[in-house]
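K.L.:
The lines below spell out each chain.
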Amino acid sequence: MDLYAALQAVINGVLTGALYALVGMGLALIFGVMRIVNFAHGAFMMLGMYATYVLFTRTGISPYLLFIVAGIMLFGVGYAIYYGLLRPIHGKSDFMQILLTLGIGLIATDGVLLIFGADYHQINIPLLGKNLHLGPHIAVNAPWVVSFVIAVAVALGLYLFVTRTMAGRAARAIAQNRYSAPLMGINVFRVQATSFAVGIAAAGIAGGLLLPVFYIYPQVGDQFTLKAFVMVVLGGMESIVGAALAGLVLGVVESLTSLYWGNEWALAVDFVIFLLVLSLKPSGIFGRQKA
Amino acid sequence: MKRSHLIAAFAIFILSLLVPLVVQTGYLLQILFRVYLFAALGLAWNLIGGYAGQLSLGHAAYFGAGAYGLALFPGKLGISPWIAVLMGVIVALGCALLIGGVSFRLRGPYFVLATIAFAEVLRLIAKNLPDVTGGDVGVQVPGLFHGNVNRAFYWAAVVLTALAFATTVAISRARFGYYLMAIREDEDTALSVGIGAARTKLAALMVSAVLTALCGALYASLFLYVVPDQVLSIDVSNEIAIVAMLGGAGTVLGPIVGSVVLESASEIFKNIFKEAHLLIYGVLLVVVVLFLPEGIVGTLAARLRRRALFGGIKASAKGVANN
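Going down the list, the sequences are from chains A and B.
Following the working numbering, the numbering of the first sequence begins with 1 at its first residue and continues without gaps.
Following the working numbering, the numbering of the second sequence begins with 1001 at its first residue and continues without gaps.
Hints are supplied without guarantee of correctness; some may be wrong.
Sample of chain B residues at the chain A side, in silico, Cβ under 10 Å [to be verified]:
no. : residue
1   : G1053
2   : L1055
3   : P1109
4   : A1117
5   : V1121
6   : Y1178
7   : A1241
8   : L1290
Okay, the calculated bits of chain B under chain A, using three or more residues with CB under 8 Å as the criterion [as the list claims (entries may be wrong)]:
no. : segment
9   : 1102 to 1108
10  : 1123 to 1136
11  : 1278 to 1286
Some, not all, of what chain A presents toward chain B, calculated at C-beta under 8 Å [as the list claims (entries may be wrong)]:
no. : residue
12  : I89
13  : G103
14  : L275
Please keep in mind that the hints were generated in silico from the structure rather than gathered at the bench.
Quick reminder that beta carbons are idealized off the backbone N, C-alpha and C, glycines included.
Full structure from sequences and hints, please.
P.N.:
The structure is reproduced here in structure tokens:
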């Protein structure tokens, strides 16, 4: 049945989209709120994936626990990179940040390539063979569902971090007015470092959750960098929720594109949508009108 | 640029043309070809990325247009390869119009993202339309030269670099060049004094696209074969930008110096790191941003200026003391 195929595609899209959303929310915090142009975002996701992969192959612990370790590791990496590399060029033009993070991304990707080789790997967990049947025509793969549930929980946590915690409030205050925020006693560097690290940890966690359902190879993060920017722009820059919604939309659009036009066009459709939004409605689909 | 500089540049051009009389090995000539090719590409990029300050990370689009133009038009239209090169240039101009039309309204990171997205869309189209472009398998490219090809391609690359260099010198001294620099420094102020920023940027991008497409055609013709992931990949865009930024964006000599440094470094590290040779690009990018934000030539020039200035002050101080 055609309708069932479409429904199945939408469900798969939502499951993928939740993981996209996590990557996108991380970048929304870093780029949308903190205005740090992070071209290494996908590379950090890849690092989270490899961290989980290495820990899994060494210890055999489930990736559904190890993603936490990956998140903590990437938080540390993010903090160190902010203070070591980004803070020294604070206040310089966006281009410097772009080139710096582009360089960090290349070092991460090719460093991993050097250590682990270019081969594709996939991990094998018992859950992989299980399918959940929703009625006679629709089935979903169990690991996707588990990853989805955890991703939604982490996304909620991220939302609460930004809206409810002092650090999140401070981050939004800086976004509103970066000159008066320090006058209110906000330590801009510390808040930026924390936000950067949290955003990268979100990408790392998404990587850990993708591991059971994805192939892993050094360049796996490359397409996610641009995709994450697509989500942030679609979602309307400063909106964490917007980026999350945009992630779900992207997942469904890709899934439907794959169904009707073929898998190879999914990425192209993403970018065409992105260019259309940039040229027609730069404030994003979910964003409020703002200069 | 003084007359003596022009004479020096011309002398270097003539000497470069004579190199194949001494260097006979194909391998060395191919490395030198790459150095000159990327010098020309860096110079082309510099017009828009350096002088106009519009960081394009999508120059693979024009490079690929030139490469695929030469690859596809002779077979499809039955025209000679050299006319196909011109057709490829026209396609690149069309791409520049489209990309510029959309992305020049955007600023900062949005502009960069738009240029990347455009090049990526072109790459995916080339990959996914196997009936037209050969898809991932690729397509054969007619050779532009026959006989001793290594030498001919080397000469062609030198001539292209000279062309790009002469264009850069001409633009940097013309009113047009000053418009570009004004836009780079402050676009709003440039607009307020009557510079048509959109038109000026578009013109610079089109010149840049023409030169880049010529390089793309030359590159494709040397390898006799193109695939999308080679000529339209983001790695090509990055490499072009890194060459110019490393040497010094917005300087006349920067891209040439950048190409010499980057291409020799990557040739050395290719043997050590094998497929992970982009690592050196990453390291160079980080080093440039943190320690040489104006590139090699820009930093050296600033240092020389400072020395000249302080040297002058010291000399006059001495003069005062002697009096």
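K.L.:
Compare the structure with each hint and give your call.
P.N.:
Structure-based check of each hint:
Taken as an interface hint, G1053/B checks out: its beta carbon lies about 8 Å from the nearest beta carbon of chain A, inside 10 Å. Interface hint status for L1055/B: upheld, as the beta-carbon distance to the closest one in chain A is roughly 5 Å, under 10 Å. Interface hint status for P1109/B: upheld, as the beta-carbon distance to the closest one in chain A is roughly 5 Å, under 10 Å. For A1117/B, the interface hint holds, the least distance from its beta-carbon to any beta-carbon of chain A being 4 Å, beneath 10 Å.
Look at V1121/B: its Cβ gets to within about 5 Å of chain A, closer than 10 Å, so that hint holds up. Contact between Y1178/B and chain A, as hinted, is not supported at the beta carbon level, the nearest pair being about 20 Å apart and thus beyond 10 Å. For A1241/B, the suggested interface contact is upheld, since its CB lies about 8 Å from the closest CB of chain A, less than 10 Å. Below 10 Å, beta-carbon pairs count as interface contacts, and L1290/B has one with chain A at about 6 Å; its hint therefore holds.
Look at the segment 1102 to 1108 of chain B against chain A: 5 of its residues bring a Cβ nearer than 8 Å to a Cβ of that chain, three or more, so the hint holds. Residues of the segment 1123 to 1136 of chain B lying with their CB closer than 8 Å to a CB of chain A number 4, which satisfies the three-residue condition for coverage. For the segment 1278 to 1286 of chain B, the proposed coverage by chain A is satisfied: 8 residues have a C-beta within less than 8 Å of a C-beta in that chain, meeting the threshold of three. Hint status for I89/A: holds, given a least beta-carbon distance of 6 Å to chain B, under 8 Å.
The beta carbon of G103/A comes within 3 Å of a beta carbon in chain B, closer than 8 Å, and the hint placing it at the interface holds. At its closest, the beta carbon of L275/A sits 5 Å from a beta carbon of chain B; the interface hint therefore holds under the 8 Å criterion.
Violated hint: 6 only; the structure is consistent with all others.
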